[in-house]
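A.B. asks: Residues per chain are reported as follows:
Number of protein chains: 10
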Amino acid sequence: MLYLVRMDVHLPHDIPAPIAEEIKAREKAYSQDLQRQGKWQQLHRVVGEYANYSVFDVDSHDELHTLLSGLPLFPYMTMQVTPLARHPSSIR
Amino acid sequence: MLYLVRMDVHLPHDIPAPIAEEIKAREKAYSQDLQRQGKWQQLHRVVGEYANYSVFDVDSHDELHTLLSGLPLFPYMTMQVTPLARHPSSIR
Amino acid sequence: MLYLVRMDVHLPHDIPAPIAEEIKAREKAYSQDLQRQGKWQQLHRVVGEYANYSVFDVDSHDELHTLLSGLPLFPYMTMQVTPLARHPSSIR
Amino acid sequence: MLYLVRMDVHLPHDIPAPIAEEIKAREKAYSQDLQRQGKWQQLHRVVGEYANYSVFDVDSHDELHTLLSGLPLFPYMTMQVTPLARHPSSIR
Amino acid sequence: MLYLVRMDVHLPHDIPAPIAEEIKAREKAYSQDLQRQGKWQQLHRVVGEYANYSVFDVDSHDELHTLLSGLPLFPYMTMQVTPLARHPSSIR
Amino acid sequence: MLYLVRMDVHLPHDIPAPIAEEIKAREKAYSQDLQRQGKWQQLHRVVGEYANYSVFDVDSHDELHTLLSGLPLFPYMTMQVTPLARHPSSIR
Amino acid sequence: MLYLVRMDVHLPHDIPAPIAEEIKAREKAYSQDLQRQGKWQQLHRVVGEYANYSVFDVDSHDELHTLLSGLPLFPYMTMQVTPLARHPSSIR
Amino acid sequence: MLYLVRMDVHLPHDIPAPIAEEIKAREKAYSQDLQRQGKWQQLHRVVGEYANYSVFDVDSHDELHTLLSGLPLFPYMTMQVTPLARHPSSIR
Amino acid sequence: MLYLVRMDVHLPHDIPAPIAEEIKAREKAYSQDLQRQGKWQQLHRVVGEYANYSVFDVDSHDELHTLLSGLPLFPYMTMQVTPLARHPSSIR
Amino acid sequence: MLYLVRMDVHLPHDIPAPIAEEIKAREKAYSQDLQRQGKWQQLHRVVGEYANYSVFDVDSHDELHTLLSGLPLFPYMTMQVTPLARHPSSIR
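Residue numbers (the UniProt record's numbering), protein chains in the order written: chain A, 1 to 92; chain B, 1 to 92; chain C, 1 to 92; chain D, 1 to 92; chain E, 1 to 92; chain F, 1 to 92; chain G, 1 to 92; chain H, 1 to 92; chain I, 1 to 92; chain J, 1 to 92.
Hint data in this document are derived by calculation from the structure and do not stem from the laboratory. Please note that a few of the clues may not be correct.
[What the hints assert, rightly or not] When the alpha-carbon atoms are kept at most 20 angstroms apart in a straight line, the in silico EDC-like pairs for lysine to aspartate or glutamate are as follows:
{"#": "1", "chain 1": "E", "residue 1": "K39", "chain 2": "D", "residue 2": "D62"}
{"#": "2", "chain 1": "B", "residue 1": "K39", "chain 2": "J", "residue 2": "D59"}
{"#": "3", "chain 1": "A", "residue 1": "K24", "chain 2": "D", "residue 2": "D14"}
{"#": "4", "chain 1": "F", "residue 1": "K39", "chain 2": "G", "residue 2": "D62"}
{"#": "5", "chain 1": "C", "residue 1": "K39", "chain 2": "A", "residue 2": "D59"}
{"#": "6", "chain 1": "E", "residue 1": "K24", "chain 2": "C", "residue 2": "D14"}
{"#": "7", "chain 1": "E", "residue 1": "K39", "chain 2": "D", "residue 2": "D59"}
{"#": "8", "chain 1": "C", "residue 1": "K39", "chain 2": "A", "residue 2": "D62"}
{"#": "9", "chain 1": "I", "residue 1": "K39", "chain 2": "H", "residue 2": "D59"}
{"#": "10", "chain 1": "C", "residue 1": "K24", "chain 2": "B", "residue 2": "D14"}
{"#": "11", "chain 1": "A", "residue 1": "K24", "chain 2": "A", "residue 2": "D8"}
{"#": "12", "chain 1": "H", "residue 1": "K39", "chain 2": "H", "residue 2": "E63"}
{"#": "13", "chain 1": "G", "residue 1": "K39", "chain 2": "F", "residue 2": "D59"}
{"#": "14", "chain 1": "H", "residue 1": "K24", "chain 2": "G", "residue 2": "D14"}
{"#": "15", "chain 1": "B", "residue 1": "K24", "chain 2": "H", "residue 2": "D14"}
{"#": "16", "chain 1": "J", "residue 1": "K24", "chain 2": "A", "residue 2": "D14"}
{"#": "17", "chain 1": "B", "residue 1": "K39", "chain 2": "J", "residue 2": "D62"}
{"#": "18", "chain 1": "F", "residue 1": "K39", "chain 2": "G", "residue 2": "D59"}
{"#": "19", "chain 1": "H", "residue 1": "K39", "chain 2": "I", "residue 2": "D59"}
{"#": "20", "chain 1": "A", "residue 1": "K39", "chain 2": "C", "residue 2": "D59"}
{"#": "21", "chain 1": "A", "residue 1": "K39", "chain 2": "C", "residue 2": "D62"}
{"#": "22", "chain 1": "F", "residue 1": "K24", "chain 2": "I", "residue 2": "D14"}
{"#": "23", "chain 1": "I", "residue 1": "K39", "chain 2": "H", "residue 2": "D62"}
{"#": "24", "chain 1": "B", "residue 1": "K24", "chain 2": "B", "residue 2": "D14"}
{"#": "25", "chain 1": "H", "residue 1": "K39", "chain 2": "I", "residue 2": "D62"}
{"#": "26", "chain 1": "G", "residue 1": "K39", "chain 2": "F", "residue 2": "D14"}
{"#": "27", "chain 1": "D", "residue 1": "K24", "chain 2": "D", "residue 2": "D8"}
{"#": "28", "chain 1": "D", "residue 1": "K39", "chain 2": "E", "residue 2": "D62"}
{"#": "29", "chain 1": "J", "residue 1": "K39", "chain 2": "B", "residue 2": "D62"}
{"#": "30", "chain 1": "D", "residue 1": "K24", "chain 2": "F", "residue 2": "D14"}
{"#": "31", "chain 1": "I", "residue 1": "K24", "chain 2": "J", "residue 2": "D14"}
{"#": "32", "chain 1": "D", "residue 1": "K39", "chain 2": "D", "residue 2": "D62"}
{"#": "33", "chain 1": "J", "residue 1": "K39", "chain 2": "J", "residue 2": "E27"}
{"#": "34", "chain 1": "G", "residue 1": "K24", "chain 2": "E", "residue 2": "D14"}
{"#": "35", "chain 1": "D", "residue 1": "K39", "chain 2": "E", "residue 2": "D14"}
Quick caveat, the model's predicted, so the values are computed rather than measured.
Same shape as in the complex, but just chain A (with noise of 0.2 angstroms):
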């Protein structure tokens, strides 16, 4: 089942620059492993904004929110979750 996260990243200015390196190095490792597994499909830079444009499949609602609320930068998040079903026209 797929969905539509639109994810915004608000870091607060005081966190020192190692400790935020360090957040961001484990989010991204904890990404591409979702990513090499098929649950994260895409993931796209929204452009001029720290935010993406990602598209999960999973099996069901709690998954997602696992998976989302592991994330090291969740903390620091606004997130927009849509469910997507088949398009009648789409091709797939």
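Starting from the known structure of chain A, fit chains B, C, D, E, F, G, H, I and J onto it as the hints suggest.
C.D. replies: Chains B, C, D, E, F, G, H, I and J alone, transformed into the frame defined by chain A:
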């Protein structure tokens, strides 16, 4: 180059049903032709809404606008276009 | 899987009363059938508005969209769909 | 009488972790006690957000405000309260 | 129990004047009857708008929705309902 | 002349508790004094929020602004002020 | 007492031109009469919009609402009314 | 003096096609005349929308409003006008 | 040329009182100087808010931006600037 | 390919002045370098705001994001990016 496009359809209630059906049939053919060409890469229904999220892969803003404004339903749609860049954590 | 859905009805004022009544009667039957099946678990009126908050329990996004888009009042509604996950403090 | 309540939690990032954990533990106990009393009838996580949708069944506005403002996380929450009435199509 | 209600009236411009006047006359009678019963405690015009702020004192959400949805102008109104609780600094 | 005022309080989390309590105590005394004078006619808690809806009866905009800006909590509040006129259907 | 009023005009496109012209002519006369009386102190066009910002100087909310609701274009306008108080830095 | 103007066109669906075409032809001629005069310096289509962003270079607010309100499509447009000043980092 | 400007002040709570007072004193002097020059024609307090509506009469966008950005409170303000044109019904 | 970009700067008040000045100096140099290369075609101050409207001419979304995210002020900015296409009435 990738663009995320959200399209919301607002067909007036007083359009005669046969005309509405004819427009939708042309829309479907037009959409599937672009999908087969690889320009309209993804097409998903937003659950509960007469709306879709799509991803286009085209060479320029002008090409995208030409494709979108040629949609048979274009006069009845509102659109939001978001340019997408490569994300540094994407494995693709 | 649970979804919270808010539905707002906007019936055009120039729909003849008998037609509006017939649509509403079909809507009621359709809704009560889904309630009896256990798919439309809750249905509440928003006080002072021609709107409701509902909870659906279905197997997939596709099933939910099929149910919602089949509502006789669907062409006259705007909807907001929110996927709900298990809350760690819930005792259920 | 039923109320739909959406709660969004905004814990400041500079709260020491042990204090945050202690507040959350008290929140959980408080919430589960109200659930067992039948006053907090439903509690669902909004997917991807530090937020919940809840349904309360209490006797009066005053009782609801007393319950909500007593939440250990109340100073860090924004809330939207919607009174719910019986829907004429509900089979309950 | 008290509720603050804001009502905005949007009468379509193509309603024949005699019909509009008849609806407004019934609205006035309906409103004054509820005021005399003590259920519609306050009724104020918002300056410069075809809108009002009202305070209702009723026993339940269901009673309020029944009163509001029975307004002759109800099909032409949008409403916002806010439940009000006792304020600890109020001297009443 | 009547004004509807909505006040939302946003006390910073790092204000020491004794100072916050002292401000709130002064706020309460200030508010009750104006209520006894008949200028602050109504004061209601918005359910679930650190906010109130109030009705003031004063002689001029200047008098209202003087009263409001003198509130001990004024630096921590956002306010919306709506002037109210007599409604032609009011029986008062 | 001063009020800032923003008025936006939304004339339906299907009003016959002679009727629209007649309404506008009455609006102009009505407006200029109030300007000459000193009650409508300022009247400015918002650049690029069928809208104006005005300042009224009247004795009460009721007087202002009577003036505004008497405008020939009132049924086709949306209005925002902001009460203005003396500013402590004003030299007037 | 420069102004950024965003124009959104909302042509009613029931305007006969020949009349719409005639209005658009006049709009194009009007626009190109102002471009040749150097007053309408830039004109860009917003991708996916029946809208444009334009830059005007005129001597006064009054001149701009006269130009904009003279557009054949003006009755069917909403506009946002933003005055632009010289930027200290601009090399022009 | 006239501009309507709304200014909202957001002084951080942790600015030491003497520094805040000094900024406000400079703001007042700066403002009154511009009022005496006839450039800051009107200055009104928005009732209940730490905000004002002002009218400026200057020769160009650049002059206005220079005046506004020179305000001692400018770093703590949000502003909305609306260019005003002559209204055809104005008697001035 | 052209993009309209609006940038709003939100420098935290507690950044030491020398550091803020150093960031701004680097921002200016960075911006002027891109202007000289023809990539940052226009740069205008929004009157009354710490914001600008800019037009970029680059080859791809990726190039634009690289340029924007390299701005020394990027961590303190919010941005809105709008892709611009050729307008059929433009004479250029």
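A.B. asks: Given the hinted pair K39 of chain C and D59 of chain A, is their alpha-carbon gap at most 20 angstroms?
C.D. replies: 19 angstroms, holds
A.B. asks: Does K39 of chain H pair with E63 of chain H here, judged by a C-alpha cut-off of 20 angstroms?
C.D. replies: 10 angstroms, holds
A.B. asks: Is the straight-line distance between the alpha-carbon of K24 of chain D and that of D8 of chain D 20 angstroms or less?
C.D. replies: Within the cut-off at roughly 14 angstroms; holds.
A.B. asks: Hint check: K39 of chain B vs D59 of chain J, CA-CA at most 20 angstroms. Holds or violated?
C.D. replies: With Cα atoms ~19 angstroms apart, K39 of chain B and D59 of chain J stay inside 20 angstroms; holds.
A.B. asks: Quick one, are K24 of chain J and D14 of chain A close enough, alpha carbons at most 20 angstroms?
C.D. replies: 19 angstroms, holds
A.B. asks: Are the Cα atoms of K24 of chain I and D14 of chain J separated by 20 angstroms or less?
C.D. replies: Between K24 of chain I and D14 of chain J the Cα gap is close to 19 angstroms, so the pair holds against 20 angstroms.
A.B. asks: Keeping to a limit of 20 angstroms between CA atoms, is the pair of K24 of chain A and D8 of chain A held or broken?
C.D. replies: Given that 20 angstroms is the threshold and the Cα spacing comes to 14 angstroms, the pair holds.
A.B. asks: Going straight from one Cα to the other, do K39 of chain H and D59 of chain I come out at no more than 20 angstroms?
C.D. replies: OK: K39 of chain H and D59 of chain I at ~19 angstroms, within 20 angstroms.
A.B. asks: Holds or violated: K39 of chain D with D62 of chain D, Cα cutoff 20 angstroms?
C.D. replies: The hint holds at about 13 angstroms.
A.B. asks: Is K39 of chain D within 20 angstroms of D14 of chain E, Cα to Cα?
C.D. replies: 48 angstroms, violated
A.B. asks: For the pair supplied as a hint, K24 of chain H and D14 of chain G, is the alpha-carbon distance within the 20 angstroms limit?
C.D. replies: Judged against 20 angstroms, a Cα distance of about 19 angstroms means the pair holds.
A.B. asks: Holds or violated: are the alpha carbons of K24 of chain D and D14 of chain F at most 20 angstroms from each other?
C.D. replies: Between K24 of chain D and D14 of chain F the Cα gap is close to 19 angstroms, so the pair holds against 20 angstroms.
Of the numbered hints listed earlier, those contradicted by the structure are 26 and 35.
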